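Order-wise, the sequence lines are chains A and B. Going by this note's numbering, 379 is the number at position 379 of the first sequence; the sequence numbering is gapless. Going by this note's numbering, 690 is the number at position 282 of the second sequence; the sequence numbering is gapless.
The set of hints was computed from the structure by calculation and includes no laboratory data. Take the hints with a grain of salt, since some may be wrong.
Said to hold, decoys possible - Stretch by stretch, here's where chain A covers chain B in the computed footprint (C-beta under 8 Å, at least three residues): (1) 587-600; (2) 692-704; (3) 747-758.
Unchecked claim - In silico contact screen, one side only, chain B against chain A (beta carbon under 10 Å); selected entries: (4) L448; (5) L605; (6) F607; (7) I609; (8) V610; (9) V611; (10) T613; (11) V614; (12) L615; (13) T617; (14) L618; (15) I711; (16) R712; (17) V730; (18) L761.
Predicted, not measured: the structure shown is a model, and the values here were computed from it. For glycine and all other residues, C-beta sits at the position ideal for the given N, C-alpha and C.
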Amino acid sequence: MKMWAYIVRRLLLMVVIIIGVMTVTFALVSAIPIQDRLASYLGPPPKGTPGGYSPYLIPGEGVCPANATSDCPNPFYQYAIHRLGLDSPVYVQWGIWMYDSFTLKWGYVANHSEAAAAFPPADGKPVLTVLGWFLPYSLELGVVALLVLFLSIPLGMYAAQMRNRPVDQGIRVLSFSGLAFPDFLLGTILLLGVLLLFGAANHWQSYGCPGYGTLFDVYGSWPPPGCFPNPSAANDGYPAWLIGGYLSTPTGFPTIDAAIHGDYVLSLDTIFRMLLPAIIVVYDSIGFLLRFVRNSMLEVMNLDFVRTARANGLPEKVVIKRHAGRNSWNVTLTVLGLTIAGFWAGFPVIETIFGLHGVGYILAVSVAQPIDFGLTFGSTILFTIIIVVANLVVDVMYAWLDPRVRLG
Amino acid sequence: MSTPPDVYESSTGAPSFRQRMAPRIAQTKRTWYFLRRNGLAMAGLIILILIAAVAVYALTTPLSYEYMTEYCATNGASCPFPPSVCTYPQGTVPPGPGCYETPANFPSVIAPTWASFTQPGPLPLGSLTVDPPIQYFYNTYDGLLRGSDWSLLISLTIVGAGATIGLFLGAVSGYMGGVVDEGLMRLVDIFLSIPQLLFVIVVVTVLITLLPSSGTDFASHIYLLIGGFLVTWWPFYARLVRGQVLVVREQKYVEAARASGAGRGRIILRHIVPNSVYPVFIQMSLDVGTIPIIIGTIVFLGIRIFPSTYLPEWGTIAALSVADLSAFWDSCQIATCVIPWWQLLFPGLALFLFAISVNFLADGLRDALDPRLRR
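Isolated chain A (complex conformation) (with noise of 0.2 Å):
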């Protein structure tokens, strides 16, 4: 098979496990309260709707006589239970449900949930353009994590050739400290110690903003307003490019952003406070990858081109830098997509502990009493997408360095 063959037929299998989660989310979605779904496919209320949210009209309110002796229906959900096809058979739901997920029409905010509790620009708003709003954080601290992964991923070939000995069981003890810690515990830990370790309440005064303060200061995804040189008081005290104080202008991206305005201070400092979440992340979820990476560099330290390059009298460096290691990194690729699924789903606990606004913060609050269900499943969906997009680029990878892949 040619590499865009096998790129094209990954492609396609990607666009069937898309669907399959779209009908996983439907059964799931079917499941949930007709309430739920209603408040989250009709978005806001058109002006002077009597009732609100609720699916019936509470009897002394709007058209509902007020000696009526039961709730009256509401003519909106009316319209929304045909529309979602809620008087239809399931095939056609399903059908629906479908056109929505692929024509991009992932509801709306529900405005008594707890998500638009916590942000009400985003009361009412379309899922997905809220969903927008916090990806870029989110982007931005995997590709922080993702660097963090690959520079710890050397630790395993380092505890092969330590086999056994002390180096290699304190990896090995290292390794599965991280998959036995709770990320939650070990994030409230560590913020604890960092707050413990250079004071405690807010430190972007302390150090006299602007200033900005040293590495671990406080975190969260913004410095207060009282930081910024010109502050807008429409804005909350934020310049105008920080919308609300956490939707930055115009990419998304913290970093990208603050750098386009001139904050390169700020700008570094995002990154430095995304460090600490995503050494948690990655170390919460890179002990199968450690342990991998050991093993195939033991099983490929037993073969006989190694044994072959030894004899010939390579330097130990070079054995294992040129030969071992670059073989046992063709098999590392088959687990690094799983290790990125591990830490991206860390991502809601880690946002939430540290303040970030990424999609795992939103998911978080989604989940919280009143459930948001649109952001529930939306932010679901688009972590599952991500992790497809991620596995499929780490497929391609290992097809391209192991041709016997494509070809077998």
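Based on the hints, put chain B in the right spot on chain A.
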């Protein structure tokens, strides 16, 4: 004409159980030999045995809240839901036996003291504030003790059921091949492409909305939690087993079984499943440690799995202890700052030791069972 004697039959008739199991016993002995030389694996095994002992001890021991419940029942007083701690501010009348006096300026924290180990009805691991506005307390010691039962029960059920489903679907898929295999594996692909943690969170979130909001029926909530986990848990096992079965079904002994007329069911159940089950054991032991952590994450994110938040389960306790650090921040505003380190340390340690011991054991098993890594 006489038939020739069956060469496989011993002189006493059918081979005894011992004879039939001889290869497997030898294999177990060999694994044990390699496992014993692995220090970390042995440490894991010892910690696991200790945890199991704690769980058995907890089953046989009435906890302090049970004394309190009895007191409340006989005196007609209203009691908080177990296993909370009864407290009263300094200088007021104690509401009952086993109640703890709290300092006036830090009503939410009772630190563990050395003295509390020696007193009857102690609070050896300190208290855990669950809900500051209503001043609700966990007795951390009680919670962790009883939690060992719940954690082990829930995670063993989930892993056992998930592995069983995965084992059979994987075995069928791998052995049958063709359309069955293709269909099942695409299904597995779809399920595995959703990050497991998020999948569990979403499934549990959806499932709890199906339960009536009132009533404190623990059992249905726990069934639901287990069900929610199972939806996301079997696919990984199915894929694992299928890969193993693809190797095993090409072996000579399977061919021999088929040649001697064994049916599909018999081959799958008697030949393929027992021979592809080791990786499943390893994966199971890894997963057992993960489940309390995931439950903790769900509780941390504010999803109310249990009708009241007070089910003593390790993950839940750890999550509650972390989620409620606002009490700490409040007390830090006052000159003397109390960090509730015991809230973080003890539940965290329980979770951590459990997870890391099964990880060590699983890794040791993998090394012992994989001849390529042994050298």
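Verification of the hints:
no., hint, verdict
1, 587-600, "holds (count 5)"
2, 692-704, "holds (count 5)"
3, 747-758, "holds (count 3)"
4, L448, "holds (7 Å)"
5, L605, "holds (4 Å)"
6, F607, "holds (8 Å)"
7, I609, "holds (6 Å)"
8, V610, "holds (5 Å)"
9, V611, "holds (7 Å)"
10, T613, "holds (5 Å)"
11, V614, "holds (5 Å)"
12, L615, "holds (8 Å)"
13, T617, "holds (6 Å)"
14, L618, "holds (6 Å)"
15, I711, "holds (5 Å)"
16, R712, "holds (7 Å)"
17, V730, "holds (5 Å)"
18, L761, "holds (8 Å)"
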